[in-house]
Amino acid sequence: MDSDAILSIIISQIRIVVPDLADHPIGRADAMADLGLDSIERSEIVLATLEELGLDIPMVQLHGPRNIGELADLLHAKRAG
Amino acid sequence: MPSAQGNPASIVIAGIGVAAGRSYGKQALRDVLFGEAPAISPLRRDGRQLPDGTSSFIGLELPDPPELLPARIARTAGLPGRAAIAVLDEAWREAGLEALDPARIGLVVGGSNLMAREQMLAQRDYAGRMAYWPPRHGHMFLDTDIAGLCASAFPIRGFTMSVGGASASGAVAVIQAAEAVRSGRVDACIALGALQDVSCLDLQGFQALGALAEVCRPFDRDHAGFVYGESTAALVLCRADIATEVPYGTLAGWAHLASGNRGPEPSMEGELAAIRASLAMAGLPPEDIEYVNAHATGTPLGDATELAALRAAGLDHARINATKSLIGHGLASAGAVELAATLIQMRDGRLHPTRHLDNPQDPAMGFVRGAPEERTIRTALKLSFGFGGVDTALVIREGA
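In the order they appear, the protein sequences are chains H and U.
Heads up: the first sequence begins at 1 in the working numbering, then just goes up one per residue.
Heads up: the second sequence begins at 1 in the working numbering, then just goes up one per residue.
The following block holds chain U by itself, in its conformation from the complex:
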């Protein structure tokens, strides 16, 4: 219910750091959203090819992160940690967090089992000589190691934690950060959608599930699955009165519900319930939502279920696009990276096309395809779903 004092804890997004598509930084993401071809190729990082050569995988890999850490720390940090520092640095500067009391800044890292590839490589490298296993492996396999690394490099002393929500982890991190600010626990909280450093075993698992494709075509009649894409984003959420610059927008509503499914199967009821709960929290009827950044992995059942939920929620009129068609699926990072893409589109007044959407599953829906579309967006809905029945929805309003 609206508070008699108005909303004392209006929560805005005051800073964004991101790495997706081709490189690091918001401009690199813009370039891919609005024209530059995605760098899709066979995955080359060590540990992403099956050792017996029977499978190779297609996807997007980022360049090595900028070297912001001392070499002594960087050598023990791993790819997800070094990438986290890069995007956190970008978001931190933009939000002006150095002006805040470190005790009033929190950090939520979204994602679990983030270091799978490095663990697999270490296991391979130390096979037959486990007596010499370096002791850092006793702590760096934990997802909280990334949170600790960030707090050792930046003055974050409010709290740190990691949260898991499969492919919705980034959105779950945003929600936990928003709750921490709303409760008064901290004044600002960073939500990090962590880079999920998958190994060939993870990729082979997705392959076995039938979830991987060579081309990601969300909402297309010829879609077959997703393409993995390395990505990560840090978003600074804070109370509106803390923000020093014009914020990207207000996080007006959110929902994080369980559909009761254990496995990868989506739930129309769960997704619809999350959409409705987020709109109710924002105090907005569905007809006020102008744009939906869909979860849209490109898997036939997932896409069809999401469209059914959008129709049932009364969102047939909204413009819809699928960022995964351009930057791939970052798994843990996706919800945060795609929220960053949503906010960048709102700031720029243009929507990116959904790549490879040539034969829409439902031509009546408002898909953005072909070319970018100039459009002022005042309200947006970001959906993220995860295996294990994790359904999230975020409502974003322009301004503070």
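Looking at chain H on its own, in the form it has when it is part of the complex:
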């Protein structure tokens, strides 16, 4: 699974948690906070994505990405690593 496939999982989780964004274009450069997601919603999306990827890593290791593209890259690296 490449970073784009991980990005698709993140985007589909965003659309589950925030149904209003169903038809809103979402791409690599978008940050969840800029899309209007609060911290609880952001955590829920990250946890659900980790589960889909079969990753069990502490949330603290996922600080840093400035947008969902970078988050997808980081998760891709964790998965590979």
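The hints are simulated quantities; they were obtained by calculation from the structure and are not laboratory data.
All C-beta atoms in this analysis are idealised placements derived from N, C-alpha and C, irrespective of residue type, glycine included.
Check each hint, because a few of them may be wrong.
Claimed, not checked - Covered, in the sense of this in silico footprint (three residues per stretch, anywhere, with C-beta under 8 Å from a C-beta of chain U), are these stretches of chain H: (1) 17–27; (2) 35–44; (3) 47–57.
We have chain H; now place chain U onto it with these hints.
Just chain U now, with coordinates in the frame of chain H:
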């Protein structure tokens, strides 16, 4: 003692929102009170059947609440929260609360452990993968989450809180709301009897206590226990001078006492003390009470104790009915829902029959049974009791 200035804080009920019996809204409750058959059936909601299939439970379940919340909020709200929004919306509009300063509006949610079924389902769904437990479960299990949800959807900024009083929680919420208005803390306060979303474990606990029956027959010689029924109600209490429409009635007296019992056993002394204290606050002798909406769960000891308290209080003459015989026992919500039923009966000038009351325990008492009874009620007493020795009594007078 009566104040020299009269009663500056006469408290009226200016709006009612309710879901009980078959559906949402006051008309749906009226339909069940005055003729339509209750929708009693095996409980079907996920989490209300024992997983091993050894027990199934009978009761009343409401349809899904009307979709008033954005989908994003609704998916995290749970059944008690979504139902609370529906009844609050009905009460809010009727009372015209949009005209008030949000800082002068309060909310008391009556009930505790309201989300038991959703918690149990989440535990089942995440068994073996707790690392992915959604973070919303860190706050939505709290009863105050329902208060917060309501205040995020409606302009309530005076205060919010939740109070517990077991099966008297709804009445305790009414009393706390009345105290908040009387003290001047707010001008209007909503008392919400929250929907108690029981799990199969809660139901099995009632079963083990011997409190559950397949048919609820309050005050009947063949009674055996209660039937669970989903319900919820919101009542807007406010100072009489705030009410814009003709109010449902005045909350003239109230009492909330402890009998000193820990468990489910009722206390005649505690119930009698609450009745007497509420009448004293209202300044009414017992002979002036025309109608009693009884707690009346249908459990033999509970009913017998309540009748003994009513007789000792000098209320043998009053008309009596038991709303739980029609809509089941909502547990946390019961006191608020049954106060709504009391006020609706007073407004309509008719009393509902007590269903399944075929062989009264005490034929000398004034039970309403068989068919609805046309009757003007000027004063009523609403009783609610809860496990843990919670005894409440509310006195309602017609008019403002």
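A quick look at each hint next to the structure:
Under a criterion of three residues with beta carbons nearer than 8 Å to beta carbons of chain U, the stated coverage of the stretch 17–27 of chain H is upheld, 4 such residues being counted. Coverage of the stretch 35–44 of chain H by chain U holds [criterion: at least 3 residues with CB-CB distance below 8 Å; count 3]. Interface restraint, the stretch 47–57 of chain H with chain U: holds (5 residues with C-beta to C-beta distance below 8 Å; minimum three).
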